[in-house]
Amino acid sequence: MTATTQDIRAQCRGRGAQAAGHSGLALLLLLILFPILLTASFLIGPADVPAVDLLSGLFSGQASPAALIAFEIRLPRALLGALVGAGLGMAGAALQGYLRNPLAEPSLIGASSSASLGAVLAIYFGLSATAPLALPVAGMLGAALAMLLIQGLAGRDASVLMLILAGLAVQTLAGSLTSLALNLAPNPHAALEIAFWLLGSLTDRTNDHLLVAAPFIIAGILVLGGSGRALDALGLGERTAGSMGVDLNRLRWRIIIGTVLSVGAAVAVTGSIGFVGLVVPHLLRRVTGNQPSRLLWPSALAGACLLLTADILVRLLPTNDELKLGVVTGLIGAPFFFHLLLKTRERMR
Amino acid sequence: MSLLSARNIRFARGGRPILDGVDLSVGAGECVGLIGPNGAGKSTLLSVMAGLLKADGAVALDDRPLEQWPRAERARRIGFLEQGANCHWPLTVERVVTLGRLPHASPWGGEAEADRAAIARAMQQCDVTHFAERSVTSLSGGERARVMLARALAGDPAVLLADEPAAGLDPYHQLQVMELLAGLAAGGMAVVVVLHDLTLALRHCTRLCLLDEAGKVAADTAPADLLDSGALGRVYGIELVRGGHEGAPFALPWRRLPVEMRA
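Protein sequence lines correspond, in order, to chains A and B. Going by our numbering, the first sequence opens with residue 1, and the numbers climb by one from there. Going by our numbering, the second sequence opens with residue 1001, and the numbers climb by one from there.
The hints are simulated quantities; they were obtained by calculation from the structure and are not laboratory data. It is possible that part of the hints are untrue.
To be verified - Coverage of chain B stretches by chain A, computed from C-beta distances (three or more under 8 Å per stretch; other residues unrestricted):
no.: 1; region: 1044-1052
no.: 2; region: 1070-1080
no.: 3; region: 1084-1091
Beta carbons are placed, not taken as given, at the ideal position from N, Cα and C, and that holds for glycine.
Just chain B, with the same shape it has in the complex:
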């Protein structure tokens, strides 16, 4: 059963359709990779699914329309990790992660036992505990990305929507973040993650949703099937070199296709 589902989403900006009748749903235990060329509407779709952007169509959380959910309750169920997330103030790492408990906060009370447990767990999961006292503005890009992910996880969401959490990270930290997301999904969370790196997407996601430049879903299937269908190469306009390692398929972008062969 799907936890969060978007049906027939249409969104246009300046007369140009960004999303044109997109369907996407995610259930508990799934790590769905949202991929597609630049400008295909991946981030827009994620914002719509998070309830941050109004679009035509229907988004439902637990089969109940998203707009019927009270703001705070929706914030408790859906975690959202903004692209290039950052903190404007030089707060300590622990304070930033603590902010993730905001949707759970009572109007007057301080931190409860459950809050502290969730904060400690999120910091441990994202491997940021050893620099909990450092200022978030003094961190490297990789460290900061993990802190921001910890902030989103501290809210104990059932659904996590992450917009390019691996962008700008070195391979080690890219793998670290993706392994964490895949692990969270394996633990019962519903994860949708926007990715540009096809290798990471094919390796770590349970399902891939490929958006094309017209804002339509070109494919929504398991990574291996997506590779077999040839849709990836057509939509991106590239030639892929395919291979396998340890029984899992991978693909390397090799060269651009001539313009007339692009989808």
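If we strip away everything but chain A, and leave its shape as in the complex, we get:
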């Protein structure tokens, strides 16, 4: 081997290590941040219970009021927040990689609002009260219908514009059907319940919610998390990806099923929480070198961190009524969307 080739190889190794170092550092920071936020979310709440009591209640197994709060209220809320955030972050990163479009997001393509519709119908017809599994299943059915509709409307090679328009159409349809359910709600109380639920929140979510949603969200995250290499290849174009051994048909189903599982089940128990899937991958894109595969797991972790932070915020902000989580993520996310649009506009000039 010549000296020059060895030099090049040494250089390549150095550069590779450097790039990996950046994404590694980001991942490390997230790994440190995540347990801190999870603990904070667990310790913060309206009931002023000392942290020591909460923790001892959690681990001692005694039936004290503190243990009850720890087990029945704080723990499901914190865990559900982490899971839902992770699911939305992962789905956003995977959809962006698959559609090769940094504006793709579960709520923008109508998956979230359709999942909401499914869940609203389950609540409306009282299915969720009789069968606990009905809620996530209805949410996933809604998300599945949205994904198939988007596929049919926009196709795989859709332009940004076509995709956004198809998403808008699906959102509008789901939104008006949801409004119809509100309109026809049997009594004002039921209407208010649906409306509040639609705003998206982790408040008053129980272990039952956690147990019915968690398996689906986790399954969805795992399904999407395994698509990294195929998504990398897809960035080079469909035919090139095919020539590199990627089964495009399998990848498409993988993305659809993973998104339906994670987003459908998440939205079904928390209501629609938008923009996590848009914001998180965007923030991480540069540190991960823009490579779709390196974006997936950090996005899941960062999604969990973001949602936990937002959920801590809504509890700390001194408002009369607790702000709804979906409202907060929307307030953070919408300006972000404007920012992305402005950037896209500059590129198009």
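Given the coordinates of chain A, work out where chain B should sit on it, guided by the hints.
Frame of chain A; chain B shown alone:
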């Protein structure tokens, strides 16, 4: 012996035959130029030979039907360079070339020594090492074409199928790409390259396969013999000016033939 061979390939789109009983094979050491007018089915044939498009007929890799090859193994043997290949994300050049190792990747492992060697070699062959750290979206067309070629070569394929790798490049970079492909073939690779530039095709290919507008093979022979046969002018419907330089023949498209004289 042929590495990759297509026999009696038929393919129709919207009732119109694109390929009508096409045979083409390529062996180690050959650089086969696939030429023909627009719409003759050159890219379609290349896709069929890469296993990306199903068509009637048989494609065999190492005398074994292509569809019997496991996906990953086929991807390791056949490199494919898409027409106008590009990357949707602003990855660094080195990352893009590294993606070429995907068919060799183990499910969990990172880059092995063999991967790094292949990546470095491909980058050197295509002369992209000095801008390895730049974003691929910031490159000029010529630079990007070489990066995409490096991506295909990083996979160490036995067969390389390249769809118009020289399109849109200036003469210097056209020659650079063609010299590289001819050199790879001379080194034992089997190369099929779709070309529109007849001068490049005649100069750099060891054999030329000429498809006509009916989707049939009009000629499949050495460049000099193809020129002598007059098939080029008939199929393209043009008059060619022939010449020679340094003992090699060349031809210049000069004027269109009247419609009634076209094949």
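We went through each hint and held it up to the structure:
{"no.": "1", "hint": "1044-1052", "verdict": "holds (count 4)"}
{"no.": "2", "hint": "1070-1080", "verdict": "holds (count 8)"}
{"no.": "3", "hint": "1084-1091", "verdict": "holds (count 7)"}
Figure legend: structure checked against the earlier numbered hints; every hint is met.
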